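> Here the protein sequences come in this chain order: A and B. Numbering of the first sequence is given in my numbering, commencing with residue 1 and proceeding in unit increments. Numbering of the second sequence is given in my numbering, commencing with residue 1 and proceeding in unit increments.
If you're looking for bench data, these hints aren't it; they were derived computationally from the structure. Among the hints, a few may not be true.
Listing some non-contacts, in silico: residues in chain A with all C-beta distances to chain B over 12 Å [said to hold, decoys possible]:
no.: 1; residue: Ile28
no.: 2; residue: Trp62
no.: 3; residue: Ala89
no.: 4; residue: Leu90
no.: 5; residue: Phe121
no.: 6; residue: Val205
no.: 7; residue: Gln209
no.: 8; residue: Ala216
no.: 9; residue: Ala222
no.: 10; residue: Ala224
no.: 11; residue: Val227
Chain B stretches covered by chain A per the calculated footprint, using a threshold of three residues with CB under 8 Å from any CB of chain A [to be verified]:
no.: 12; region: 98-106
no.: 13; region: 209-217
Please read these numbers as outputs of a predicted model, since none were measured by experiment. All residues carry an ideal CB built from backbone N, CA and C; glycine is no exception.
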Amino acid sequence: MEILNYAFMQRALLAAVLVGITAPAVGIYLVQRRQALMGDGIGHVAMTGVGLGFLLSWSPVWMATLISVLGAVLMELIRWYGKTRGDIALAMLFYGGMAGGVMFINLAPTGSNANLTSYLFGSLSTVSESDVTAICLLAAFVVVVTLGLRRQLFAVSQDEEFARVTGLPVRALNLLTAVTAAVTVTVAMRVVGLLLVSALMVVPVAAAQQLTRSFAATFAVAVAIGVSVTIGGTVTSYYQDVPPGATIVLLTIGAFVLLTALAAPLARRRARAVTAAQAAGDPAECKIPASRGATDEVGV
Amino acid sequence: MSDETVISLRGVRAELGSRPVLRGIDLTVRGGEVVALLGANGSGKSTAVRTVIGQVPVTAGKVELFGTPRHRFRDWARVGYVPQRTTAAGGVPATVTEIVSSGRLSRARFGVLRKADHEAVRRALDLVGMADRAKDSVNALSGGQHQRVLIARALAAEPELLIMDEPMAGVDLASQEVLAQTLRKQVAAGTTVLLVLHELGPLEPLIDRAVVLRDGCVTHDGPPPEAVGQHALPGHDHVHPHAPAGAEPIRTGLLS
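For reference, chain B alone in the conformation it holds in the complex (with noise of 0.2 Å):
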């Protein structure tokens, strides 16, 4: 792990329409490390990564990419995105290389492809084993296939760092497999991951650290919350280990 700040979010604060979604977030991501961003639906996981991407505006606050302010940020061909879709599929017919191709766009000067671009695409699509299926039209897919091809998508730039919104959403158990398999290569070679979770899942043992949020405010920075015995048991309340005695549980809505 290096000591390279590669995300670093401080005091963000954003609105949709006029709802304030995040109330102030401290999030700072180091290079290598893998971190998981958990809570219940409209905590504000999604919309934090999309302020690192600049999908979504902040109002207050500062967001920096590898130590260059998001706004002067544009070296993205090291940020690989992969973003919350159930499919890969648009208005018109694409195979899977011409999708994972566009991926590789950060990196091609004039959206000219060369043979190295073009080899980089088909290494993306072995890492997630959907080589075989690469001349396929994307409708052709299962949830899970699209899924791997949006992952291609993000890992076809060869990037530095991952964010990845719910890649394991809607996805079947032999694709999040295959997806967490992948992901421990990338983690192996040094990649950095933010990766937005519903719940922990097979990508369990890969993760660093956990950042819960809630109503738009971090509640938890630290170890992953351990999901054994009752822990694994749906609708469980994640007790937070350092919280003042008597405090009232944490109600994550993790598993629930």
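Just chain A, with the same shape it has in the complex (with noise of 0.2 Å):
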């Protein structure tokens, strides 16, 4: 294992392993309430951070999280507020994003289109020191919400109408999710990459329903997936020269492949013990009554 004796491949995994845990946590919250691509509209807002960040000599990963998280709050707040025309805001605010991240990024004395290419694909060698600080910090205000708030949101997410009859802070809670998805955004942008963040918050958790009927099981099977590929894509990129963000991504397409194969067998043997177990008190085709009786309940 010569590739752990290097202090950047150390750093590299570090962040790809807390990557796969994050990503999928929160992005099963984001299917559940059909917003998939909500971290993909953040990756884009996140941009005019990392843009800023240069421009003014900050870090470019905390100026990235507190761009993207006001970027999300907005996207909420026109959730709420949005009338007709949402649609159009939410696209406002995306393309602007992407449009001032290019940018600052070109006004900023240290910057150039080649730093803002390893922020948009992913880039492992480069991760610094503080950046695994930054990451580690993130991902662990993720995992806490995600797991420790795992009833709240699961309602919320199913279901906003009933979860306020519970009493639930439906508002909070959903800009408690915006943020979360904002920070994890911020925490995968070094190892996948902006433009690809959001593959890694939907795939893994579309691959782990090809397989299981709970919502606990899918949240566990996707950040099992979600790990496997971030590890198995940073080790790949580095044996093989390649993109660690794209290998990554094709890896969890391939995982999402496997397991639909998979699937189909599985699916076919539930349903026939289902119908074996039925076929114990029914009748095994149906029969077409000689004549009708009062108790048929059909009617003219």
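Work from the hints to combine the two standalone chains into their complex.
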């Protein structure tokens, strides 16, 4: 395992594992509330943060966190108060975020589009020690929220209207979900890149769903897939000299295809078990009654 | 029947978009009563219950729950709500138990479910006859079973007041019978019920009082319209029993 002898690879692998845990852990709630592409939107907004970080010579990771949290809160506010043109407002936020990032980084004395590329598509060799500290702190926040509040977040993501009647602070929980998603985007930014972050939030959850019947199992399997592909992708990218973000995302999609192929026979077996259980009580085939009776509930 | 007023709406007005949906509604539900809210599509019956739970803001008038103004009411464990849904499923698989457990959150501190809470969830599943499907994914259920899961979710908190929005919509006959039985047991135990219904159906014997809405106004508040003989035929117009002679029959569209 010579790979572990290099300090930069140790940092990269640690960051990769944390991304593998946090991205699906937040993503599952976004998928549950059918906002699978929210991570993508936040990724676009975070670009402005990276650009501002270079321009003001602050840490791009912390600046991206700040801007993407603001962007996520704004998106949530648009969802509340948004009337008919909410989608247009979101589109402007996304593209404004992307344009802002390119503009700021070109204005910055130390920045160039080459720097931006490492944030867009991920770059393991440039993960610095202060980046790792930031990633650890942010990942800890994400894990505490997504596991500690899992019942509340599940209820709100499943049925917002019902959650309100159980007395849950629905708006606060929605905002917290948005903020946590934004934080996850910046955790994942150095490893998979801003443009591919959303894939790691959504695809492991979609892959896990092929096998699972419960939310808890989906959560566990999605995180397991996430960790496997981020480690696998990081190691592959070291040995084969390929970009880590793209490798990780392609591996995730590979896992999805594999599990979908595995799921079909599994589902058939389950269906057979159910049929067998029912066959004990039911006649094997439909019978057409010779005549109608009053109990048939057939009326005109 | 106790004298406690459980739900009180006084002169309630509400708008959706800028269209007035409720034009000054009075509605009182007392403890132990079973009240059906009837009316055609668009008459405002769903909006009326959604003002009670705070999902639709009120533009004028007063809403009270258990004698407390709605905006100051915090005791949500006393209220069980069954929203108008055709499915209990979300974007991620979930088991019947997981869905029903979220109904218990109003009684759980910090979202931690204890042994007593898990038992309450189990009892709620028993009540709707879904205990044998507890570990199944809701995606594998029929429409009627989805509705039973949603009702079990509302019952999991052991509420004193049940608010149900069209619980019989899209439910097969077998499930309708199970739901009627479940409701009968709840009513016998003293639960207050406010139901939005499109037609009375198998719940009719349980209902103490029917409130009929039309264009956002209450047009009838009294015993449920009887559905016997010609009344039961589709397309029949409900003739108000105490309307002045010669008044035009009120077309509630209940049966059409």
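> Are the hints correct? Go through all of them and say.
Okay, the hints, checked on the actual structure:
With a minimum CB-CB distance of about 6 Å to chain B, Ile28 (chain A) fails to clear the 12 Å threshold, and the non-interface call is violated. Every CB of chain B lies more than 12 Å from the CB of Trp62 (chain A), the least distance being 30 Å, so the non-interface label holds. The beta carbon of Ala89 (chain A) is kept farther than 12 Å from every beta carbon of chain B, the shortest such distance being approximately 18 Å. The claim that Leu90 (chain A) lies off the interface holds: its Cβ sits roughly 19 Å from the closest Cβ of chain B, which is beyond the 12 Å cut-off.
No beta-carbon of chain B is positioned within 12 Å of the beta-carbon of Phe121 (chain A); the least distance is around 28 Å. Distance check for Val205 (chain A) against chain B: the nearest CB is about 7 Å away, which does not clear 12 Å, and the non-interface claim fails. A Cβ of chain B approaches the Cβ of Gln209 (chain A) within 12 Å, the least distance being about 6 Å, so the stated non-interface status is violated. Taking the minimum C-beta to C-beta distance to chain B, about 7 Å, the non-interface status of Ala216 (chain A) is violated against the 12 Å cut.
Consistency note on Ala222 (chain A): stated as away from chain B, yet its beta-carbon is not over 12 Å from all of that chain's, at 9 Å minimum. Distance to chain B confirms Ala224 (chain A) as a non-interface residue, since its nearest Cβ pair spans about 16 Å, more than 12 Å. Non-interface call for Val227 (chain A) relative to chain B: holds, since the shortest CB-CB distance, roughly 19 Å, exceeds 12 Å. Requiring three or more residues with a Cβ within less than 8 Å of a Cβ of chain A, the coverage given for the region 98-106 of chain B holds, as 7 such residues are present.
As drawn, the region 209-217 of chain B meets chain A at 0 residues by the rule of a beta-carbon pair under 8 Å; below three, the given contact is violated.
In this structure, the earlier hints numbered 1, 6, 7, 8, 9, 13 are contradicted, and the remaining ones agree with it.
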